[in-house]
Amino acid sequence: MPLFCLDDKGKNCWIDGLDILYIDLYKRKKLRFHLLNGVYVFQFDGSLETCVRMFSPFGFEELDSKNLVNINKIKYIDDKLRIAYFDNNLHTTISFRNMYKVEHLPKKE
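Okay, so the sequence shown: first residue is 444 according to our numbering, each after it adds one.
These aren't lab readings, by the way, just hints derived from the structure by calculation. One thing to keep in mind: the hints can contain errors.
Keeping only pairs whose Cα atoms sit at most 27 Å apart, straight-line, the calculated DSS-like set for lysine-lysine is [stated by the list, open to error]:
#1 Lys523 - Lys544
#2 Lys472 - Lys523
#3 Lys509 - Lys472
#4 Lys518 - Lys551
#5 Lys551 - Lys509
#6 Lys470 - Lys509
#7 Lys473 - Lys454
#8 Lys509 - Lys544
#9 Lys452 - Lys470
#10 Lys523 - Lys509
#11 Lys454 - Lys509
#12 Lys523 - Lys551
Taking CB as the label site, the calculated pair distances span [stated by the list, open to error]:
#13 Thr493 - Leu533: 23 to 31 Å
#14 Cys456 - Leu533: 16 to 24 Å
#15 Gln486 - Lys550: 33 to 41 Å
#16 Ile514 - Asp451: 20 to 28 Å
#17 Glu546 - Lys473: 26 to 34 Å
#18 Lys550 - Phe487: 32 to 40 Å
#19 Gly453 - Glu546: 37 to 45 Å
#20 Asp488 - Asn532: 32 to 40 Å
#21 Leu449 - Arg525: 26 to 34 Å
#22 Asn515 - Glu552: 17 to 25 Å
#23 Val495 - Trp457: 20 to 28 Å
#24 Lys550 - Gly453: 35 to 43 Å
#25 Pro445 - Lys550: 28 to 36 Å
#26 Arg525 - Ser499: 17 to 25 Å
The beta-carbon is built from N, C-alpha and C at its ideal position, and this holds for glycine as well.
Based on the sequences and whatever the hints tell you, model everything.
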């Protein structure tokens, strides 16, 4: 699933959508794609809800009002602090009401 984005220097680039760890909304109309190798910006004229429909077939779930997370990339969760962790200690938040979506994942020791 190739996506055309801007890298951290503002240069055009292609990323593989399946490498995305999580997506968040930035400055209302921009999506940020968080990957292991950096953060990429995508100009977007829509809402995070639109992204849910686009990315849910690929294993993404809305875990907070501000993010859309690739469940397959989560290494473990901290169920007390409600944080999902990926490789390289990257992490994002999980809302209380969405904890049920990740209960099956390994817990922080």
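To see whether the hints hold, each was checked on the structure:
no., hint, verdict
1, Lys523 - Lys544, "15 Å, holds"
2, Lys472 - Lys523, "32 Å, violated"
3, Lys509 - Lys472, "13 Å, holds"
4, Lys518 - Lys551, "9 Å, holds"
5, Lys551 - Lys509, "23 Å, holds"
6, Lys470 - Lys509, "12 Å, holds"
7, Lys473 - Lys454, "15 Å, holds"
8, Lys509 - Lys544, "16 Å, holds"
9, Lys452 - Lys470, "17 Å, holds"
10, Lys523 - Lys509, "19 Å, holds"
11, Lys454 - Lys509, "25 Å, holds"
12, Lys523 - Lys551, "9 Å, holds"
13, Thr493 - Leu533: 23 to 31 Å, "24 Å, holds"
14, Cys456 - Leu533: 16 to 24 Å, "19 Å, holds"
15, Gln486 - Lys550: 33 to 41 Å, "37 Å, holds"
16, Ile514 - Asp451: 20 to 28 Å, "26 Å, holds"
17, Glu546 - Lys473: 26 to 34 Å, "32 Å, holds"
18, Lys550 - Phe487: 32 to 40 Å, "33 Å, holds"
19, Gly453 - Glu546: 37 to 45 Å, "40 Å, holds"
20, Asp488 - Asn532: 32 to 40 Å, "33 Å, holds"
21, Leu449 - Arg525: 26 to 34 Å, "30 Å, holds"
22, Asn515 - Glu552: 17 to 25 Å, "21 Å, holds"
23, Val495 - Trp457: 20 to 28 Å, "23 Å, holds"
24, Lys550 - Gly453: 35 to 43 Å, "39 Å, holds"
25, Pro445 - Lys550: 28 to 36 Å, "34 Å, holds"
26, Arg525 - Ser499: 17 to 25 Å, "21 Å, holds"
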